[in-house]
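Protein chains: 2
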Amino acid sequence: MVQYQPQLDRTFAALSDPTRREILQRLGRGSATISELAEPFGMSLTGCKKHVRVLEDAELVSTEKIGRSRRCALGPRRLQDAHDWIEGYRQMLDERLDRLDRFLHQSEGEER
Amino acid sequence: MVQYQPQLDRTFAALSDPTRREILQRLGRGSATISELAEPFGMSLTGCKKHVRVLEDAELVSTEKIGRSRRCALGPRRLQDAHDWIEGYRQMLDERLDRLDRFLHQSEGEER
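First to last, the sequence lines map onto chains X and V.
First residue of the first sequence? That's 1 in this note's numbering, and the numbers climb one at a time after it.
First residue of the second sequence? That's 1 in this note's numbering, and the numbers climb one at a time after it.
Think of the hints as simulated: they come from the structure by calculation, not from any bench.
Accuracy of the hints is not assured; some may be wrong.
Some chain V residues close to chain X (C-beta under 10 Å, calculated; not the full set) [what the hints assert, rightly or not]:
(1) 67
(2) 77
(3) 79
FRET-style restraints, in silico, Cβ to Cβ [to be verified]:
(4) X:31 with V:110: 22 to 28 Å
(5) V:65 with X:40: 28 to 34 Å
(6) V:76 with X:31: 18 to 24 Å
(7) X:59 with V:78: 25 to 31 Å
(8) X:95 with V:71: 18 to 24 Å
(9) V:42 with X:62: 35 to 41 Å
(10) V:67 with X:76: 51 to 57 Å
(11) X:67 with V:88: 17 to 23 Å
(12) X:40 with V:96: 18 to 24 Å
(13) V:110 with X:76: 24 to 30 Å
(14) X:50 with V:47: 26 to 32 Å
(15) V:68 with X:64: 56 to 62 Å
(16) V:50 with X:91: 25 to 31 Å
For glycine and all other residues, C-beta sits at the position ideal for the given N, C-alpha and C.
I would like the entire structure built from these sequences, with the hints used as guidance.
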């Protein structure tokens, strides 16, 4: 019954950390090396690499080794899967409210 | 520089597991006890309780102890924070594409 969507699991897990969300925002302004990413956060290179690896596994970031440094850039994913899941959930909540609303109106009618 | 949004962290973390996403979908069809939730997944009660606790911490599910069982229902949250973050990210990607597009058109003009 459980729908396995490993890509969606990885997307939501990648977005569940504030530093990783900030890294994505930073890369939105242009590519950066691991050191350039780590510096404003006062983060160790090792810590930064770990975050970048999680983003890379979720295909949100791509990296390229250039000389002695690793350049990071945003991947092409538009978070369509996460977007669709959340939209589906919100729609389900709306439909529940509509049903409740109809039920309450119906009960009111019967009371008259 | 990192924006602490613990609620958003918990939301994305809660959604990063397929069983928890299915529990939310199931509760969308109506409230259920822990046993009723666990059964279709062939899950242990302990395992199910853990998932429900994560959803409760993210305020996506509310629970109420009734007699010997615990009844679970969807919380009122419409995932607005997660929705807004993802929309912001998609908009940022679109703006980057627009800039690239303008840049390419400009370069073409200069080549003529």
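Each hint, compared with the structure:
With a least beta-carbon distance of about 25 Å to chain X, the hint placing residue 67 of chain V at the interface is violated under the 10 Å criterion. Restraint check, residue 77 of chain V versus chain X: the minimum CB separation of about 9 Å is within 10 Å; hint holds. Given the 10 Å rule on beta carbons, the hint for residue 79 of chain V holds: about 5 Å separates it from the nearest Cβ of chain X. A beta carbon spacing of about 24 Å between residue 31 of chain X and residue 110 of chain V agrees with the range 22 to 28 Å that was offered as a hint.
Between residue 65 of chain V and residue 40 of chain X the beta carbon distance is about 47 Å. The supplied range of 28 to 34 Å is therefore violated. The beta-carbon spacing between residue 76 of chain V and residue 31 of chain X, approximately 41 Å, falls outside the hinted interval of 18 to 24 Å. Checking the proposed 25 to 31 Å range against residue 59 of chain X and residue 78 of chain V shows it holds: the Cβ atoms sit about 27 Å from each other. A hinted range of 18 to 24 Å holds for the C-beta pair residue 95 of chain X and residue 71 of chain V, which are about 21 Å apart.
Between residue 42 of chain V and residue 62 of chain X the CB atoms are about 38 Å apart, so this pair conforms to the stated range of 35 to 41 Å. Look at residue 67 of chain V against residue 76 of chain X: about 53 Å separates their beta carbons, and that is inside 51 to 57 Å. A hinted range of 17 to 23 Å is violated for the C-beta pair residue 67 of chain X and residue 88 of chain V, which are about 34 Å apart. For the pair residue 40 of chain X and residue 96 of chain V, the supplied restraint of 18 to 24 Å holds, since their beta-carbon distance comes to about 20 Å.
At about 27 Å, the CB distance of residue 110 of chain V to residue 76 of chain X agrees with the hint of 24 to 30 Å. At about 28 Å, the CB distance of residue 50 of chain X to residue 47 of chain V agrees with the hint of 26 to 32 Å. The hinted window of 56 to 62 Å between residue 68 of chain V and residue 64 of chain X holds, with their beta carbons roughly 58 Å apart. The given range of 25 to 31 Å is respected by residue 50 of chain V and residue 91 of chain X, whose C-beta atoms sit roughly 28 Å from each other.
In this structure, the earlier hints numbered 1, 5, 6 and 11 are contradicted, and the remaining ones agree with it.
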